[in-house]
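Kindly generate the complete structure, drawing on both the sequences and the hints.
Line by line, the protein sequences give chains A and B. Using the working numbering, read the first sequence as starting at 183 and increasing by one per residue. Using the working numbering, read the second sequence as starting at -8 and increasing by one per residue.
Honestly, the hints are just simulated from the structure, not real lab data. Each residue gets a CB set at the ideal place from its N, CA and C atoms; glycine is no exception. Any given hint could turn out to be false.
Pair ranges (Cβ atoms, derived) [claimed, not checked]:
no., chain 1, residue 1, chain 2, residue 2, range
1, A, R676, B, W57, 54 to 64 angstroms
2, B, R65, A, L268, 34 to 44 angstroms
3, B, Y89, A, Q256, 30 to 40 angstroms
4, A, R269, B, D30, 53 to 63 angstroms
5, A, N236, B, Y89, 29 to 39 angstroms
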Amino acid sequence: MIRWLRRVLPRWHTTEREIEDELAFHLEQRAEELVARGLSPAEARRAAEQEFGNLAATQVELARIDQLSAQRRQRAAWWGDLMSDLRFGLRLLAHAPGFSALLILTLALAVGANTASFTVLRAALLRGLPYHDPERLVHLWETTGDHRSEASYPDFLDWRAESQSFSALGGYNESDVVVARPEGAEVRVAGRATPGFFELLGATPVLGRGFHPEEDVPDGAPAVVLSQAYWQSRFGGDPAALDSTITLDGRPFQVIGVLPAGFHVAPLGEVDLWLTLGRTAERRSERGNHWVNVVGRLRDGITARQAEAELGQIMARLAREYPASNQGRRAVVLPLRDAFMGTVGPVLVALFAAMAVVLAIACANIASLLLARALGREQEMGVRAALGASRWRLARQLLVESLLLVTIGCILGLAFAQAGVRLVIGALPDSLLAHLPYLRSAVVDRAALGYTALLASGTVLALGFGPIVHAVKADGGGLMGRGPRTTATGSLLRLRDGLIVGEIALTLVLLTGTALVGRSLAELLRLNLGFVPDRILAGRISLSGPRYRTPASQQRFFLDLLAGIRRLPGVTSAGAITNLPLNSGNSNTFRVEGEPEPEPSARLEATTRAVSEGYFPTLGVPLVAGRLLDTRDDSAHRLSVLVNASLAARLFPGGNPLGGRLRLYAFADSTWDIVGVVGDVRTGPLEVPPPPTIYFSHLQVPSTRMALVIRSTLEPGALAREVRALIRDWDPGVPLYDVAPLQSEVESASAVAARRVPLILLGAFAGAALLVAVVGLYGVVSFNVVRRSREFGIRQALGAGPGQIRKMVLWQGAILAGAGIAVGGVLSLGLGRALQGMLFGIGPGDPVALLGAGGLLALVTLMASYLPARRATRIDPTVALRSE
Amino acid sequence: MPSSLELLQGTLDLIILKALAAGPAHGYAVARTIRAASDAALVVEDRALYVALHRMEARDWIASEWGLSENNRRAKYYRLTAEGRRALREKTADWSAYAEAVFRVLRMGEARS
Chain A
183 MIRWLRRVLP
193 RWHTTEREIE
203 DELAFHLEQR
213 AEELVARGLS
223 PAEARRAAEQ
233 EFGNLAATQV
243 ELARIDQLSA
253 QRRQRAAWWG
263 DLMSDLRFGL
273 RLLAHAPGFS
283 ALLILTLALA
293 VGANTASFTV
303 LRAALLRGLP
313 YHDPERLVHL
323 WETTGDHRSE
333 ASYPDFLDWR
343 AESQSFSALG
353 GYNESDVVVA
363 RPEGAEVRVA
373 GRATPGFFEL
383 LGATPVLGRG
393 FHPEEDVPDG
403 APAVVLSQAY
413 WQSRFGGDPA
423 ALDSTITLDG
433 RPFQVIGVLP
443 AGFHVAPLGE
453 VDLWLTLGRT
463 AERRSERGNH
473 WVNVVGRLRD
483 GITARQAEAE
493 LGQIMARLAR
503 EYPASNQGRR
513 AVVLPLRDAF
523 MGTVGPVLVA
533 LFAAMAVVLA
543 IACANIASLL
553 LARALGREQE
563 MGVRAALGAS
573 RWRLARQLLV
583 ESLLLVTIGC
593 ILGLAFAQAG
603 VRLVIGALPD
613 SLLAHLPYLR
623 SAVVDRAALG
633 YTALLASGTV
643 LALGFGPIVH
653 AVKADGGGLM
663 GRGPRTTATG
673 SLLRLRDGLI
683 VGEIALTLVL
693 LTGTALVGRS
703 LAELLRLNLG
713 FVPDRILAGR
723 ISLSGPRYRT
733 PASQQRFFLD
743 LLAGIRRLPG
753 VTSAGAITNL
763 PLNSGNSNTF
773 RVEGEPEPEP
783 SARLEATTRA
793 VSEGYFPTLG
803 VPLVAGRLLD
813 TRDDSAHRLS
823 VLVNASLAAR
833 LFPGGNPLGG
843 RLRLYAFADS
853 TWDIVGVVGD
863 VRTGPLEVPP
873 PPTIYFSHLQ
883 VPSTRMALVI
893 RSTLEPGALA
903 REVRALIRDW
913 DPGVPLYDVA
923 PLQSEVESAS
933 AVAARRVPLI
943 LLGAFAGAAL
953 LVAVVGLYGV
963 VSFNVVRRSR
973 EFGIRQALGA
983 GPGQIRKMVL
993 WQGAILAGAG
1003 IAVGGVLSLG
1013 LGRALQGMLF
1023 GIGPGDPVAL
1033 LGAGGLLALV
1043 TLMASYLPAR
1053 RATRIDPTVA
1063 LRSE
Chain B
-8 MPSSLELLQG
2 TLDLIILKAL
12 AAGPAHGYAV
22 ARTIRAASDA
32 ALVVEDRALY
42 VALHRMEARD
52 WIASEWGLSE
62 NNRRAKYYRL
72 TAEGRRALRE
82 KTADWSAYAE
92 AVFRVLRMGE
102 ARS
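Right under this line is the structure:
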């Protein structure tokens, strides 16, 4: 500041003195002229001054004009310099297009990846809780030991009545409802909420109202609140929808309100309709039935911990009063953010952190490349410094050069970011997206642009720093004279080598991770499912309403429908089951008749399913022994079951259970004949080996909900239309839903989805890291080739062959790559252990994955050093030697 | 003093440029030239003259340089720049067109009477 003043102030003085001189000259000339006309010098002087008028004011005015003009000229000169720096920078970039493209591409990828993850993270964190004052919202759970569960309805009512910590408490839940439509029934997700639940979250219906307490009782007026989306799709956004009625599960409900767009309760996914929670009469009084998700708004000044302490007292009282249901139960209060984004939040934060690391590495990499070039430009900088360029001028030129790179990189990066957001969202399975509706609409917006700009300016400084420090040191005479390299340069070079080794190590870790997860996924998809999923269409059916009150009417429906489907042209076989394979669900405890009664805790447990005739042949499940269940296994005949091979092998010596009998604790008075053994099917999660399984006949254990499986030669869409038409003819009130090829059930299995997302992300990271590392290694090796070109020239002149020189350069690259691969190999073993939970069918040190990743990296790094090595052999010794 | 005409701002610039068209001159010489050329009909206020000179210098129409006057005194000499020459041409054309138009109107009145 002081220096600046000193530089500027004298100029002002000069300006003012010059104006004084100029006007004084004028007055003298005028006075002289007047003297020549006969006035005395004194009179002439006075007359001249009088003629002129206010001299002092004129001086001030002229000084102001000159000063403004001087400032304007200075600014213009500054811009002129900047423009010439920019032109020079552009020429430099254009001079080495390959090098520039590499730098810009690396930067664009890193910036794009960062902006994409920022966008996704922001969408999740900011829009995941689109409620009023979300920081005061909490989720309440009951716990026994380390098991967390929802609250029971009576417990929830007691909390709400007794606790003082909350300004409001509300409960929610969900269930499917069958919506009657003229064109056929459909199944929709219905939320269930207590009165005041929407208001608690800060949502006000845009039309109508929320629930009243008198609607929250079993025989209260049936009322339904619509989501904005459902209101739009079914009523076209017509306000007349209010007070109309919708038939849900066979009962008319009055539409009382419409929720605002964007209202969602993340754990429920996309909810179309909201009903009251308390209508479900039988569950209202059961203190041992835990099904209510409780959300509360903390009073001002109350912390979650204080609220939890208060609930603890209430729970202690309830445990004394109702020991049967409440013994050992406590309550926990967690921020709603954790409850709604518990699983997604950390993943996104990890994603964000990983992207930041990629950017940091890319920056370090580009910085080292720029530094390498700066070392090569020592002479240019020295000459310019000697010719009078100030340090600041040189530093600015380097800054402008990195600014140029970063600007181009960022613009390209933004385009990559938009694609990256689509990629990330595309990689997420639909089941996850349904719970994160805000992610679908995540776009690179103004905030993301701001973030990128911030990132860019940081990057400009980071990239410019090394070369600038170097340039500012560069005005010594040593550079002109090409003295020995300074020790500062040496340590920068070592730092750069270290960076490359680190990059290669990290790349190997990411590659190994990708290989491990990829191998696990392949192993999962290669599993023997126990059934043949191709060419099978699956769909679910739910019976409700007065027509299907009796088991006989339900069974009749399924029998007739299956018979109708089997008659469709192109259909080979068809059957039905209560739960499709790969879906968890019902299990029962049982014992083999004749065996001693075990302790209650030691009872045998088996997965149970009810099936129709034709189910096993349709799925291609083999009959191992005995017979299959058919239409004769109905209520008029003996109770018969099939068991799977696992259960047979475990409980019956020799694996032959035919003739044996089972007792199920759920059906206390009956015994079940085992009439056949079928092959094992992965009934539960894909990665879990087939559990012991018992199959009933749906004619003996009826169900209102069954899944159809149809094997046919028809195209799935056409078949689905045929089946729908069949159902509509029979009863338009019955919905067919979740219609999809059985193969998609395999592909969307949670075990597959849980690995596919990390696989795509890891793969993307690994690819980016590989590119960055290869660019870095290529830069380092080729830079060293340039630096040693004189040495190579001498060697060639002394008779070294191209093979020897190539080997020298390759060797240098190999040392760096080898060090990186060695470090990365050790880290990879650690990563393998960290990924253990995600691995399937292979160990954390899987040699195929480790060697494959290491081999790929070795090959690619070798190629990165080969190009410069080939260039080294083409150095013309005479040119290289003459250059100094 | 003979009766003199007040000059409009743009007109002042024009006649100063015209005065400098013959060659570099200091402020006093410019004033003298204008007075002589107009037979003392146009009198430029000294203050207005210097303000106009400095403004036009800021606008890069003229440039200045210190030199020695006829009587060997240090004086600030102004000369036209290329831009100033162009401004002079444009302003001359504009002013002539304007003046002719005004004259036409005035003569029309005379012919009728």
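Results of checking the hints against the structure:
no., hint, in the structure
1, A:R676 / B:W57: 54 to 64 angstroms, "holds, 59 angstroms"
2, B:R65 / A:L268: 34 to 44 angstroms, "holds, 42 angstroms"
3, B:Y89 / A:Q256: 30 to 40 angstroms, "holds, 37 angstroms"
4, A:R269 / B:D30: 53 to 63 angstroms, "holds, 55 angstroms"
5, A:N236 / B:Y89: 29 to 39 angstroms, "holds, 32 angstroms"
Violation of the numbered hints given earlier is absent; every hint is satisfied by the structure.
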